[in-house]
Amino acid sequence: MSKKRILTLTTDFGTLDGYVGIVKGVILSICPEANIIDLSHELPAWNVSAASWIIGNSYPYFPQGSIHLAVVDPGVGSKRRAVAIEAAGQVFIGPDNGIFSAALQNSAEIKAFELNNDKFWRKELSTTFHARDLFAPAAAHHAAGIALSELGPEIEVASLIRLPIRELKVKANRVEGSVAYVDRFGNLITNISKEHVKTAALCQVGKRSIGRIGHSYHSGDQGTPIAFIGSHGFLEIAVSQGRADEKLDAGVNTAVILFEGSSAS
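When we follow the numbering used here, the leftmost residue of the sequence shown carries the number 4, and every step to the right adds one.
A portion of the hints provided could be inaccurate.
Stated by the list, open to error - No more than 25 Å apart at the CA atoms, straight line, and that leaves these computed lysine-lysine pairs for BS3-like:
# : residue 1 : residue 2
1 : Lys114    : Lys7
2 : Lys27     : Lys7
3 : Lys250    : Lys210
4 : Lys174    : Lys197
As the list claims (entries may be wrong) - Taking CB as the label site, the calculated pair distances span:
# : residue 1 : residue 2 : range
5 : Ser32     : Asn120    : 14 to 20 Å
6 : Gln244    : Asn120    : 49 to 55 Å
7 : His221    : Ser32     : 44 to 50 Å
8 : Asn38     : Gln244    : 33 to 39 Å
In short, the hints are calculated from the structure, not lab data.
Here a beta-carbon is modelled for each residue, glycine too, at the ideal position from N, C-alpha and C.
Work the whole structure out from these sequences, hints included.
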């Protein structure tokens, strides 16, 4: 495999303080050939669930052998483990706090390693910036050709921290799910996949009826909530040129129901 490896970055650092640039500098100092791609740095602070959603819905679009470095780490400086995981032909590096739950959910063959070989860290390990001192060096060394087994010992996959699976109930003429993610436009992206959506179904968000499933952001009048299958393959609720989260007073975990008939109750 070529030394030129794709390496994605996902953090809650934002772009104001220079943290993202520092992480990239560390990576490029070790592996100048790395092809660094930003997935997101504007995630809500400490929101591991949002990071998991972003990574799980992004990695399938990258080629085999890509490395995904993700650091949303409210436990930085604690005893939480640093891990590298092989799954779906790709590598995921970050804290063991459930951040890779969505990416691992449908992966059959998984290997996991604890990143405890300080030979591949920066010499001084900060208690507050493991992205710079531990995760970035480990990812860069792997991109440069160091095997994961050299970065640390293999660990039991069952020991990895997983976020709770968002429950989906599929019944006769009724599907009960919830909002899994809210994007920057205020669109409500649910855990109801397209396989469970009938175009004739009615949609309810919380206590608010949305009506029948449409086809795009412009299926309804401006300012009116509309439900449809979004680009990620899941039911999405939006408001044309508006924010569905504000219009419907909804957010992550808000109940979403698809049903046949005149009422979801």
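Inset, instruction - Mind checking the hinted window 14 to 20 Å against the Cβ distance between serine 32 and asparagine 120? - result: holds, 18 Å
Inset, instruction - For the range 44 to 50 Å, tell me whether the beta carbons of histidine 221 and serine 32 fit it or not. - result: The hint (44 to 50 Å, Cβ to Cβ) holds, given that histidine 221 and serine 32 are roughly 47 Å apart.
Inset, instruction - Take the C-alpha atoms of lysine 114 and lysine 7, compute the straight-line distance between them, and say whether it is at most 25 Å. - result: holds, 23 Å
Inset, instruction - With respect to the beta-carbon atoms only, verify the hint that asparagine 38 and glutamine 244 lie 33 to 39 Å apart. - result: Distance hint for asparagine 38, glutamine 244 holds at roughly 36 Å.
Legend entry - Proposed proximity, lysine 210 with lysine 250 (alpha carbon, max 25 Å): holds, 13 Å
Inset, instruction - Kindly confirm whether 49 to 55 Å is satisfied by the beta carbon distance between glutamine 244 and asparagine 120. - result: holds, 52 Å
Legend entry - Agreement of lysine 27 and lysine 7 with the hint, judged by alpha carbon distance not exceeding 25 Å: holds, 15 Å
Inset, instruction - Would you mind confirming whether the straight-line C-alpha gap from lysine 174 to lysine 197 stays at or under 25 Å? - result: holds, 15 Å
Violated hints for the displayed structure: none, as all numbered hints are satisfied.
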